[in-house]
Amino acid sequence: DVKVTQSSRYLVKRTGEKVFLECVQDMDHENMFWYRQDPGLGLRLIYFSYDVKMKEKGDIPEGYSVSREKKERFSLILESASTNQTSMYLCASSRGGRVRKTQYFGPGTRLLVL
Amino acid sequence: AQSVTQPDIHITVSEGASLELRCNYSYGATPYLFWYVQSPGQGLQLLLKYFSGDTLVQGIKGFEAEFKRSQSSFNLRKPSVHWSDAAEYFCAVDLYGQNFVFGPGTRLSVLP
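Protein sequence lines correspond, in order, to chains A and B.
FYI, the numbering used here numbers position 89 of the first sequence as 89, with every residue one higher than the one before it.
FYI, the numbering used here numbers position 62 of the second sequence as 176, with every residue one higher than the one before it.
Note that these hints are calculated values from the structure, not bench results.
Warning: the hint list may mix true and false statements.
[Said to hold, decoys possible] Derived DSS-like pairs (lysine-lysine); straight-line CA-CA distance at most 27 angstroms:
hint, chain 1, residue 1, chain 2, residue 2
1, B, 163, A, 71
2, B, 175, A, 3
3, B, 163, A, 3
4, B, 163, A, 57
5, A, 18, A, 57
6, A, 3, A, 57
7, A, 70, A, 57
[What the hints assert, rightly or not] Not the full set, but computed from the structure, chain B residues with beta-carbon under 10 angstroms of chain A:
hint, residue
8, 120
9, 146
10, 148
11, 150
12, 155
13, 156
14, 160
15, 171
16, 172
17, 175
18, 206
19, 213
20, 214
21, 218
Note that beta-carbon positions come from the ideal geometry of N, C-alpha and C, so glycine has one too.
All chains, please: the whole structure from these sequences, using the hints.
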């Protein structure tokens, strides 16, 4: 079974803090993704990575950065958290290349920024 | 623009009743199609997927979906809903070699 884990289920941070969300997958997948999920807006792609040290902006990258130093780990960084970044964050992974691929999701991290 | 629509924001059905959740996409080519389910406070779990071949696909938990190219639709169905099916359901498409696009989701409530 594919397993995607996220370091925290719940986080509470203060405005201006630097926040790290960690994601680890155990299927040797090339692709990893970070989404945020908000009521009525569905899932929106923040960043994705198709290889170690490679990253691409998604639809809403502003206020976020990412790091992928190892294939299995993909980190989302909020350089200076703001209240409008309160959300559910979901990490996913998939095989790479131009092949049929399914995205597998972690359990999510619910972040509250005060 | 490429998009995925789920026309129903919220659906309520009685336990034991049949269910159909709608999904439409706007792409020129046939994408890969997925349905995911999200229980409260959880991540997304894959229910089923369509890549090619038989247009009626079976998934987990008794769900099925039918791809209709002429209608650009991929509707999810279940003949008899259980209370544990209450969740949010997301349709997604993967245009070959590109990233996923998710629909806005449909929240399902089940009455006892």
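So which hints don't hold here, by number, going up?
15, 16 and 17
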